[in-house]
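Using the sequences provided together with the hints, build the complete structure.
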Amino acid sequence: MSEVDATFVGHPEVAARFPDLHPAFDARAAVIEANRCLNCFDAPCMGACPTHIDVPRFIKKIASGNVIGSAEAILEANVLGASCSRVCPVEVLCEGACVMHGKQEKPIEIGRLQRFAMETFYAAGGKLQLRKREERSERVACIGSGPASLACAAELRQLGFQVKAFDRRALPGGLNTYGVAEYKLRAADSLREVAMVRGLGVEFENKEIDAAGMEELEREFDAVFLGLGLGAMHRLAVEGAMSSSVIDALDFIAGYKTGARLEVAPRVVVVGAGNTAIDAACAAKRLGAKSVTILYRRQRENISAFAFEYDHAVREGVIFCWETLPKAFAATNDGIALTCVAVAQDAAGLPVPVEGSEFTIECDVVIPAIGQSPLLELLSQARGVTIERGRVVIDRATGQTTNPKYFAGGDCVNGGREVVDAVADGKRAALGIAAWLNTRTEAHVG
Amino acid sequence: MRAFDAGWGGAVWKTIGEPITNVSSRYSSVDWNTQRMMGLNNIELISDRPIEVNLREITEVKRLYPKHAVIASLMVESKREAWHEMVKRAEGAGADGLELNFGCPHGMSERGMGSAVGQVPEYAQLITEWVKEASRTPVLVKLTPNITDIRLVARAAKRAKADGLSAINTINSITGIDLDTFEPRPNVDGKSSHGGYCGPAVKPIALNMIQQVNSDTVDGPPIPMSGIGGVSNWRDAAEFILMGCATVQVCTAAMHYGYRIVEDMIDGLSNWMDQKGFVTIDDFRGKSLNKVTEWKHLNLNYRIVAQIDEKLCIGCQLCHIACWDGAHQCIHLDRVSGPVDGHVEVHAKPREIGRERIVVTPIPKLDPPRIHVGQYATSLERIPRVDETECVGCNLCSLVCPVDRCITMVERPTGLAAETWAERTSAVVERAG
Numbered sequence: 001m002s003e004v005d006a007t008f009v010g011h012p013e014v015a016a017r018f019p020d021l022h023p024a025f026d027a028r029a030a031v032i033e034a035n036r037c038l039n040c041f042d043a044p045c046m047g048a049c050p051t052h053i054d055v056p057r058f059i060k061k062i063a064s065g066n067v068i069g070s071a072e073a074i075l076e077a078n079v080l081g082a083s084c085s086r087v088c089p090v091e092v093l094c095e096g097a098c099v100m101h102g103k104q105e106k107p108i109e110i111g112r113l114q115r116f117a118m119e120t121f122y123a124a125g126g127k128l129q130l131r132k133r134e135e136r137s138e139r140v141a142c143i144g145s146g147p148a149s150l151a152c153a154a155e156l157r158q159l160g161f162q163v164k165a166f167d168r169r170a171l172p173g174g175l176n177t178y179g180v181a182e183y184k185l186r187a188a189d190s191l192r193e194v195a196m197v198r199g200l201g202v203e204f205e206n207k208e209i210d211a212a213g214m215e216e217l218e219r220e221f222d223a224v225f226l227g228l229g230l231g232a233m234h235r236l237a238v239e240g241a242m243s244s245s246v247i248d249a250l251d252f253i254a255g256y257k258t259g260a261r262l263e264v265a266p267r268v269v270v271v272g273a274g275n276t277a278i279d280a281a282c283a284a285k286r287l288g289a290k291s292v293t294i295l296y297r298r299q300r301e302n303i304s305a306f307a308f309e310y311d312h313a314v315r316e317g318v319i320f321c322w323e324t325l326p327k328a329f330a331a332t333n334d335g336i337a338l339t340c341v342a343v344a345q346d347a348a349g350l351p352v353p354v355e356g357s358e359f360t361i362e363c364d365v366v367i368p369a370i371g372q373s374p375l376l377e378l379l380s381q382a383r384g385v386t387i388e389r390g391r392v393v394i395d396r397a398t399g400q401t402t403n404p405k406y407f408a409g410g411d412c413v414n415g416g417r418e419v420v421d422a423v424a425d426g427k428r429a430a431l432g433i434a435a436w437l438n439t440r441t442e443a444h445v446g
Numbered sequence: 001m002r003a004f005d006a007g008w009g010g011a012v013w014k015t016i017g018e019p020i021t022n023v024s025s026r027y028s029s030v031d032w033n034t035q036r037m038m039g040l041n042n043i044e045l046i047s048d049r050p051i052e053v054n055l056r057e058i059t060e061v062k063r064l065y066p067k068h069a070v071i072a073s074l075m076v077e078s079k080r081e082a083w084h085e086m087v088k089r090a091e092g093a094g095a096d097g098l099e100l101n102f103g104c105p106h107g108m109s110e111r112g113m114g115s116a117v118g119q120v121p122e123y124a125q126l127i128t129e130w131v132k133e134a135s136r137t138p139v140l141v142k143l144t145p146n147i148t149d150i151r152l153v154a155r156a157a158k159r160a161k162a163d164g165l166s167a168i169n170t171i172n173s174i175t176g177i178d179l180d181t182f183e184p185r186p187n188v189d190g191k192s193s194h195g196g197y198c199g200p201a202v203k204p205i206a207l208n209m210i211q212q213v214n215s216d217t218v219d220g221p222p223i224p225m226s227g228i229g230g231v232s233n234w235r236d237a238a239e240f241i242l243m244g245c246a247t248v249q250v251c252t253a254a255m256h257y258g259y260r261i262v263e264d265m266i267d268g269l270s271n272w273m274d275q276k277g278f279v280t281i282d283d284f285r286g287k288s289l290n291k292v293t294e295w296k297h298l299n300l301n302y303r304i305v306a307q308i309d310e311k312l313c314i315g316c317q318l319c320h321i322a323c324w325d326g327a328h329q330c331i332h333l334d335r336v337s338g339p340v341d342g343h344v345e346v347h348a349k350p351r352e353i354g355r356e357r358i359v360v361t362p363i364p365k366l367d368p369p370r371i372h373v374g375q376y377a378t379s380l381e382r383i384p385r386v387d388e389t390e391c392v393g394c395n396l397c398s399l400v401c402p403v404d405r406c407i408t409m410v411e412r413p414t415g416l417a418a419e420t421w422a423e424r425t426s427a428v429v430e431r432a433g
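Taken in order, these protein sequences are the chains called V and X.
One point on numbering: in my numbering, the residue at position 350 of the first sequence is 350, and numbering is uninterrupted.
One point on numbering: in my numbering, the residue at position 102 of the second sequence is 102, and numbering is uninterrupted.
Honestly, the hints are just simulated from the structure, not real lab data.
Do not take every clue at face value.
[Said to hold, decoys possible] The list that follows gives simulated cross-link-like pairs (lysine-lysine, DSBU-like), each with its CA atoms no further than 35 Å apart: (1) K103(V) to K88(X); (2) K311(X) to K106(V); (3) K62(X) to K88(X).
The structure displayed is predicted, hence computed values, not measured ones.
Structure (structure tokens):
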């Protein structure tokens with residue numbers, strides 16, 4: 001894989017249409033906010049962060065003017081500190097745990113402070129030093145180069161191991177590069193983090209691993225980390241849904257982020273109300289759609305998107321159509337007639353179509369965002385790795401699968417959560433791999 | 001005149017004398033946690049205006065504001081004739097009183113004036129006597145804090161029959177160094193010089209020195225004191241008056257915010273006085289003076305302990321780590337694991353439970369709500385507990401607690417009669433005798 005991550009520049013049109021959602025702190029505002037932090041002992045924000053970033057420590061370094069030290073303190077716990085500062089749902093994590101809530105005050109803006117430290121760090125060159133340790137000869141392969149693999153690879157390098165990451169896509173970084181709304185995290189920012197991890201000595205290769213490849217890896221490497229993410233998005237179970245006017249949400253998002261898709265037809269329907277659906281709907285708005293409608297089979301309080309994501313979509317002008325299911329597509333002269341049906345909930349709370357409630361929405365594009373299916377095909381090839389309900393089964397503390405040589409983390413383990421969860425998984429797995437390799441070496445020597 | 005319009009009753013006109021010379025820049029400050037000018041430092045000398053201009057303006061102000069007091073602050077060469085002449089000219093211009101600047105710690109002191117006088121009681125006495133020979137108006141002696149015992153110069157002024165004192169002048173200081181150029185501030189063409197420190201940061205030092213002088217009865221009873229040093233608002237003013245000051249002087253706060261501060265100084269003080277039932281300033285002047293004593297007269301048998309209000313605690317645990325690392329290791333995080341009282345060896349690092357847990361981003365539909373232990377808003381495991389058997393009542397926890405009234409210090413009667421160190425040691429002497 002060429003080092004495109006160091007040189008990638010986003011499309012100017014995309015940059016113009018997807019400006020930062022939240023303004024960055026300037027230096028003085030950051031120090032004022034940093035000084036507001038109480039510097040709790042064993043801080044709840046640190047406990048709430050899946051990667052346990054020592055939040056008061058990095059915040060007080062901002063207050064003292066040691067911003068590079070602050071960034072290094074963040075990276076020590078979370079090598080993707082920059083992307084996490086932009087994409088983390090801080091309301092339910094660090095900022096949700098802030099003790100300021102207890103005195104009816106605004107929580108400390110931890111996410112924005114972290115972003116300030118990380119951006120100062122990258123503006124100053126963004127080089128991370130390797131810890132003082134011995135180089136080890138053992139080699140570890142990471143399959144996938146998304147957040148879980150990047151975190152695992154970086155931590156393994158810090159422990160001295162040799163690491164190579166394989167990705168089927170042209171650009172490394174996984175969903176951070178291809179799947180996060182551009183106004184939250186630019187593809188270029190994701191690739192900047194990849195470049196930093198590469199700077200630690202991690203090798204990257206653009207290669208799809210098939211069954212034969214898997215066997216080869218197993219022979220060549222001492223351990224394998226599965227950071228595969230999830231597979232293709234679920235297809236709509238709707239008559240006519242294979243139409244060329246149907247594009248799944250992740251393809252849609254990846255398309256504009258890489259600059260391949262710079263416009264969209266005027267009338268867009270998004271199916272589903274998770275965070276990805278919101279990202280796709282807002283993106284359609286920004287790409288010029290006149291109307292964007294989200295169809296959801298249940299009610300407002302049942303959506304899986306975070307509350308702030310829903311609020312954001314409403315502000316962007318997205319229309320929500322509750323308790324509605326798409327039923328059939330029909331091509332018309334100037335687009336699609338999407339037949340929908342109203343749904344009610346039965347006694348058990350399950351959605352049931354209401355007889356005779358059919359109505360039609362005229363649109364040009366339908367974007368399903370109803371979840372990703374697990375990457376079962378590839379996983380089934382990793383022999384001895386147990387999979388339950390589409391997820392890799394691991395020991396939570398070490399990331400080890402039922403095949404001791406295989407470790408796993410990220411979406412393929414948790415079914416699809418946040419970047420920070422993938423990073424935490426990857427880091428734990430790195431420590432698990434190191435411990436396992438150490439016992440193997442000791443056994444060998446012994 | 002702006003100050004008089006804003007509501008102040010008088011002004012000290014600082015400082016009339018010679019020579020008239022200065023540098024630029026002149027000020028530097030200490031910020032604290034992004035709050036500007038907690039302390040201000042200056043290397044500015046007495047005035048930019050010649051004596052005759054200052055005096056002419058005093059006359060003009062007195063003509064326009066005949067009912068407001070104008071005190072002329074004076075500083076001239078240490079010669080009897082020079083002082084006699086300066087006193088006559090200032091009074092001739094209409095000054096209602098004189099303040100002798102024996103405090104300026106920079107520049108002037110290198111030429112035998114300012115604190116060079118104020119640090120030597122004999123000089124201060126001599127010059128005050130010269131001034132008293134010539135003066136018809138009240139004479140205040142302004143004291144420098146840059147001396148081991150401020151009372152020595154206060155006594156000298158009393159011996160010279162000064163009518164009052166003012167304290168404190170600025171404190172010798174270097175506020176900080178530019179870490180890029182290595183030059184201390186304020187910068188005068190690459191070099192700096194020590195200056196005089198003032199502003200909110202010096203208030204505790206001023207209050208202490210004023211207490212010392214106002215309680216001192218050597219060489220006669222205390223004489224009126226004009227309190228100076230970090231007075232920024234009505235609360236500060238009330239405290240200085242409670243410590244026995246006849247008047248207070250304000251400078252830094254007006255330099256920071258302008259004379260807009262006067263309105264609340266008057267309004268706040270007057271509201272407070274109404275609440276307390278005070279009609280005049282004299283009703284509370286000096287009320288706190290007799291509440292300061294020497295350590296040896298404090299009751300050794302008085303005991304308080306910290307008490308944490310669980311309902312108000314937000315779980316920041318600042319009291320725990322402050323007590324652990326900075327005090328007496330008696331605030332513990334053991335409400336859930338089981339309280340253990342008694343002495344603690346502190347070689348071990350206190351446990352940080354937050355890092356030990358595996359945590360994921362909660363998804364409401366999938367994840368159970370976080371475990372909450374106990375009946376309070378804050379989970380019981382985060383609410384620290386005070387071991388009263390080890391608490392010495394030092395106050396530190398209540399000082400670091402960010403929540404008002406969450407940690408209070410409550411009395412635990414010892415059942416012993418009050419006893420001071422002085423009483424205890426004299427009892428020992430009696431027994432030995």
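Item to complete: List in ascending order the numbers of the hints, as given earlier, that are violated by the structure.
Response: Structure breaks hint 1 only.
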